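Peer 1: Spelled out, the chains give:
Protein chains: 2
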Amino acid sequence: MATVTAALDVMGGDAGPAVAIPGAADALARIPGLRFLLYGDRAAVEPELEQHRDLQAASELVHCDVAVGMDDKPSQALRRGRYKSSMWRAIEAVKERRASVAISAGNTGALMAMAKFCLRDATGSTRPAIAAVWPTVRGETVVLDVGATIGATTDQLMQFAVMGAAMSRALFGERRPTVGLLNIGVEEVKGLEAVRNAGQLLRDADLPFLNYRGFVEGDDIGMGAVDVVVTEGFSGNIALKTAEGTARQITAYFREAARRNPMSRIGFLLASRTFAQLKRRVDTRRMNGGVFLGLNGLVIKSHGGTDAEGFAAAVETGVSMARVEVVEKINQDLSSYRRAQPVEVDEVARSGAA
Amino acid sequence: MATVTAALDVMGGDAGPAVAIPGAADALARIPGLRFLLYGDRAAVEPELEQHRDLQAASELVHCDVAVGMDDKPSQALRRGRYKSSMWRAIEAVKERRASVAISAGNTGALMAMAKFCLRDATGSTRPAIAAVWPTVRGETVVLDVGATIGATTDQLMQFAVMGAAMSRALFGERRPTVGLLNIGVEEVKGLEAVRNAGQLLRDADLPFLNYRGFVEGDDIGMGAVDVVVTEGFSGNIALKTAEGTARQITAYFREAARRNPMSRIGFLLASRTFAQLKRRVDTRRMNGGVFLGLNGLVIKSHGGTDAEGFAAAVETGVSMARVEVVEKINQDLSSYRRAQPVEVDEVARSGAA
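Order-wise, the sequence lines are chains A and B.
Position one of the first sequence corresponds to residue 1 (the numbering used here), numbered consecutively onward.
Position one of the second sequence corresponds to residue 1 (the numbering used here), numbered consecutively onward.
Incorrect hints may have been included.
Calculated pairs, DMTMM-like style, for lysine to aspartate or glutamate (alpha carbon to alpha carbon, straight line, at most 25 Å) [as the list claims (entries may be wrong)]:
#1 A/Lys73 <-> B/Asp219
#2 B/Lys279 <-> A/Asp219
#3 A/Lys73 <-> B/Asp220
#4 B/Lys279 <-> A/Glu256
#5 B/Lys73 <-> A/Asp204
#6 B/Lys329 <-> B/Glu92
#7 A/Lys95 <-> A/Asp41
#8 B/Lys279 <-> A/Asp220
#9 B/Lys279 <-> A/Asp283
#10 B/Lys279 <-> A/Glu217
#11 A/Lys279 <-> B/Asp219
#12 A/Lys279 <-> B/Glu256
#13 A/Lys279 <-> A/Asp219
#14 A/Lys279 <-> B/Asp220
#15 A/Lys95 <-> A/Asp121
#16 A/Lys329 <-> A/Asp206
#17 B/Lys279 <-> B/Asp307
#18 B/Lys73 <-> A/Asp219
#19 A/Lys73 <-> B/Asp204
#20 A/Lys73 <-> B/Glu193
Because the hints were derived from the structure by calculation, they are not lab data.
Keep in mind it's a predicted model, so treat the numbers as computed, not measured.
Next comes chain A alone, as it looks inside the complex (with noise of 0.2 Å):
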């Protein structure tokens, strides 16, 4: 496989260099040939950087004087960081080609801000979305948007339908990934115009790069019931959200379960291994790696409260998607899609809107 560069904000998340130095020399042991383009402030990462030798015979050090805070907004982040932050740099070597995706575990809302106006398509017609991968029972779901923006008209939820089941197509190989909405069984309420409207075009288009199956709701999502979940991004963000604090809620039941009695101390001692097997299933650092879709390159959010090996996976989730080329099948599929259906779809969308 050809090689990859991956361009890092080391600067970013609650820790900075000290995750993503050893995140990234923990994603390099597992992807060998991986090359980095390390973006930070030198006086703080080489002295992790001194400690992962492999890392830093496959790293570029480029030093950069401003980080942008966690708790930076994203105009805050934009007047100071633009064109010099760590950030803003990573996703800079994106743009130039010289990176295949950038990643970062700096504030969701400033790495947005920054990868649109650094990489926003031409036209600015596609609404950008965070896609994120979802371990089900059956496997993995796409689900978008987690978070980039609030609400969402017919014609965006049309494209993060194409753009999901494009990024999935890419990752698993099915040619014509399942695709649902996200909705609540609750019928004749206001506020759901939008949702309907996509749900009648996608059923009307019956695009060849989709399947269009109906409404989901929020227990089909862990049940795979399909490849892509389609909603805006409060909701997506609060159901992302959600299952992860369900996951440690379940595990914590276990820890204290597995304490209270002899017996089951030694039940689970025997079981250990298919525990540890379990326990990384459940594992919410897996998950870790949102994917910014509909923007012209990778850029790879990651947890800011992560540790080292939830920074690595979101470098894996990152590389593994610019080796499937996701943002070209996204863009292919979203020129089809829009030279096929450009008329209707913005007419509902206004009624939609309204």
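Please build the complex by placing chain B on the supplied structure of chain A, with the hints as guidance.
Peer 2: Positioned in the frame of chain A, the structure of chain B alone reads:
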């Protein structure tokens, strides 16, 4: 404790009396002295009732010709079922104070439409919500709205906060339950004016009967970060369903893991008692029973697809709410809240909704 009478729409749900009657019998076995008014088609109910003599002795069966269908739209249900359906008559029994609570596994939209029609407060100023009691690692959290309606203004979110806190206090005895507003960690995005304004008002108001703790995210719910989580119905429903789906997903992983190797099988066997407890803790049936708040009477919605055990849980939820006089306490708090600050709230609500 005083005798409680529960009015049941035994025709609701996917299975009707075949689930509702054994469910009621289960609840009766756990709550001696409970009385029932059963509304349904005599021909369908009596054969079931014959098999549960204790329930039969504790019940009065009222024949109803009409049953609301699971797919009826609220408007259809009202047209066909007002004054005569089993669903309507169960709610009416609460209105006429012949029962303390009405319970139905019928469709949510129809049940809410009828409950509003029959039990709405005279002023019409309270927006009804559905509250769920959500098990957390620290106990139980009240979450509302989980699907009564979509979207909410600032004033409606304030009402939800007051109602949720009253319910939490009635159930768990905390004088000033902690309250959080569900939000996502993205700054400077549109669409959140109502949530932000409600946050500001709750902070400024410093109400005597609740302790506002700021924004919470989806993963804070299961961690028990606050006693009450307030949100609008679309995201609340998606959060609830997603948590249920995740719990089922992890249970499925377990079953699969337990089968996988002999050592684990022995381990799981030794830990089986602990597992049974654990299974009970993550059993989504125990979460069954959405509580309709903001009405002049108590109505509980059971899952339509639940089994007898789940329906029994909904009945038990209803009985415990009735015993602590949730509705009366909510109405007291809402009144004193309205007396305290009628003007400012309306103003901000308007600007938030604009």
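Peer 1: Hints broken by the structure, by number, lowest first?
Peer 2: Failing hints: none at all.
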